[in-house]
Amino acid sequence: MMPSRVKLKRGTDGPTPTPTPMPTTMRKHTPIATLNTASCQHNSTTSRRKRILTPPSGPISLLLLTVLTLLILDTRSCQGLRLTNGGGSLSKGAAANKEQLNIGLIAPHTNFGKREYLRSINNAVTGLTKTRGAKLTFLKDYSFEQKNIHFDMMSLTPSPTAILSTLCKEFLRVNVSAILYMMNNEQFGHSTASAQYFLQLAGYLGIPVISWNADNSGLERRASQSTLQLQLAPSIEHQSAAMLSILERYKWHQFSVVTSQIAGHDDFVQAVRERVAEMQEHFKFTILNSIVVTRTSDLMELVNSEARVMLLYATQTEAITILRAAEEMKLTGENYVWVVSQSVIEKKDAHSQFPVGMLGVHFDTSSAALMNEISNAIKIYSYGVEAYLTDPANRDRRLTTQSLSCEDEGRGRWDNGEIFFKYLRNVSIEGDLNKPNIEFTADGDLRSAELKIMNLRPSANNKNLVWEEIGVWKSWETQKLDIRDIAWPGNSHAPPQGVPEKFHLKITFLEEAPYINLSPADPVSGKCLMDRGVLCRVAADHEMAADIDVGQAHRNESFYQCCSGFCIDLLEKFAEELGFTYELVRVEDGKWGT
Numbered sequence: 001m002m003p004s005r006v007k008l009k010r011g012t013d014g015p016t017p018t019p020t021p022m023p024t025t026m027r028k029h030t031p032i033a034t035l036n037t038a039s040c041q042h043n044s045t046t047s048r049r050k051r052i053l054t055p056p057s058g059p060i061s062l063l064l065l066t067v068l069t070l071l072i073l074d075t076r077s078c079q080g081l082r083l084t085n086g087g088g089s090l091s092k093g094a095a096a097n098k099e100q101l102n103i104g105l106i107a108p109h110t111n112f113g114k115r116e117y118l119r120s121i122n123n124a125v126t127g128l129t130k131t132r133g134a135k136l137t138f139l140k141d142y143s144f145e146q147k148n149i150h151f152d153m154m155s156l157t158p159s160p161t162a163i164l165s166t167l168c169k170e171f172l173r174v175n176v177s178a179i180l181y182m183m184n185n186e187q188f189g190h191s192t193a194s195a196q197y198f199l200q201l202a203g204y205l206g207i208p209v210i211s212w213n214a215d216n217s218g219l220e221r222r223a224s225q226s227t228l229q230l231q232l233a234p235s236i237e238h239q240s241a242a243m244l245s246i247l248e249r250y251k252w253h254q255f256s257v258v259t260s261q262i263a264g265h266d267d268f269v270q271a272v273r274e275r276v277a278e279m280q281e282h283f284k285f286t287i288l289n290s291i292v293v294t295r296t297s298d299l300m301e302l303v304n305s306e307a308r309v310m311l312l313y314a315t316q317t318e319a320i321t322i323l324r325a326a327e328e329m330k331l332t333g334e335n336y337v338w339v340v341s342q343s344v345i346e347k348k349d350a351h352s353q354f355p356v357g358m359l360g361v362h363f364d365t366s367s368a369a370l371m372n373e374i375s376n377a378i379k380i381y382s383y384g385v386e387a388y389l390t391d392p393a394n395r396d397r398r399l400t401t402q403s404l405s406c407e408d409e410g411r412g413r414w415d416n417g418e419i420f421f422k423y424l425r426n427v428s429i430e431g432d433l434n435k436p437n438i439e440f441t442a443d444g445d446l447r448s449a450e451l452k453i454m455n456l457r458p459s460a461n462n463k464n465l466v467w468e469e470i471g472v473w474k475s476w477e478t479q480k481l482d483i484r485d486i487a488w489p490g491n492s493h494a495p496p497q498g499v500p501e502k503f504h505l506k507i508t509f510l511e512e513a514p515y516i517n518l519s520p521a522d523p524v525s526g527k528c529l530m531d532r533g534v535l536c537r538v539a540a541d542h543e544m545a546a547d548i549d550v551g552q553a554h555r556n557e558s559f560y561q562c563c564s565g566f567c568i569d570l571l572e573k574f575a576e577e578l579g580f581t582y583e584l585v586r587v588e589d590g591k592w593g594t
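In the UniProt record's numbering, the protein residues as written are 1 to 594.
Don't take every hint at face value.
To be verified - Pair by pair, the computed Cβ-Cβ distance ranges are: (1) Glu543 / Glu301: 23 to 29 Å; (2) Lys347 / Ala393: 44 to 50 Å; (3) Ala393 / Gly127: 27 to 33 Å; (4) Asp549 / Arg273: 38 to 44 Å; (5) Ser558 / Asp443: 55 to 61 Å; (6) Ala134 / Arg398: 18 to 24 Å; (7) Ala134 / Leu156: 23 to 29 Å.
Hints in this document: simulated from the structure, not taken from any laboratory. For glycine and all other residues, C-beta sits at the position ideal for the given N, C-alpha and C.
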């Protein structure tokens, strides 16, 4: 029961004043101040106990109010203040003592999506205490809340000045220990250059970056080697592996690689070559050509080759130019298939210049996917912090970039950044349902990735062409590829053979009757009569000069003669039925050798 008065003792023998009842209205509405001053060593024993003070009337009342005010002010300077009003409570002392962990977050600029970003950030942070994985013990001593994630929206093609301002003035000012770079635009070109510049600057400062940028395949690896970057998006190695899985599925053993001068084109070619080498034991590939297109005439190399399957890596704009030229050179149609990277697809609606039946690889770059990856990035950072702080070796290494500066007066690189990055890289967090944990390779790439297999086909109303998902590639499964029905090039019902309809063979021979007989060609026409068989070269390769007149050589029996006989008859029949052309060349040593 609440007391209605307070006894004041002036001394052992002094009189006791008459108590004054507390007014009813004051008892009803005045908040109760509960003073817990145990952390303040100078307070008396009696001041540590909870008291209910009822102000009497007169001068004594004024004195008591003054004392009460001083006690409250004194208690607020300590860490144990607890204000109670109507049964509710607000504890402020614990959070004030914790060291702050700050990170930066870059996301695409949008006029209406900021609220969605903030909601995603808040859900991710509050979910850290509810995770089904290992408990995060660092939250007892460190503060990591929504306010610690310093969020900035960046335009599609920010200027170098804007990038510098964000990194040097906004993020370094609050001592960020990592940066989340989350961008879902697929416009390769200037935006890719901006991403490259930002990541290189962060790497120069020694700040780890957890990124998910849809155009990551367009980043130059050699220029990014110094960055401390984890990439949540599928890498160029994943894309090349998925493209080759399509070729393996349809038994296309030989192909050509066509790229523009898009950033990262050398990395794409290298990734394809490395993957081909890895697969040689169970599926043999042959790379017929590797062409970097700087002008459309470069495609003539494909015209003169046996290539019928092409892997294309370029921007969408460059791909339109390349495929327009390919159509003019008869490199499209039912016998040719083009398999393209994510950079060519960009969006669901395709350009009319693209041929029906194209295949490609892509991954989800929607806003929903972006929000999900923001949550994953925050988890990765949190578990990296947990591993870093629980390691006794880091007892004296703080997770703060204090005194780091882009100017001359501060340190130019965070010493602990590389150490912290190793803990981030070794993180393993639970992935989505039926997917493996999110983990990284030594290079910082995502270990397991999923890509959509896309097919270019007419829309439902046949008015335009659209990219439609027809399967999925999962890097972690033995049977990585799952594909449904495909619209094939030229609207064919069957896949292309992957080889020319008429392929050309070079066949060596040695005359031996009755299997192969030699006789001179007609000296006037340089051709073989009907019963004389076919022309065959008897001159060695070194005797055939580059500027030789082939017509004259046909009339010279030192260079060409006519081959006939049983083997030639068989060869002619095979060529007709199997659809190939050939040339006959006599073995140079004149023996059964080569």
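For which of the previously enumerated hints does the structure constitute a violation, in increasing order of number?
-> 7
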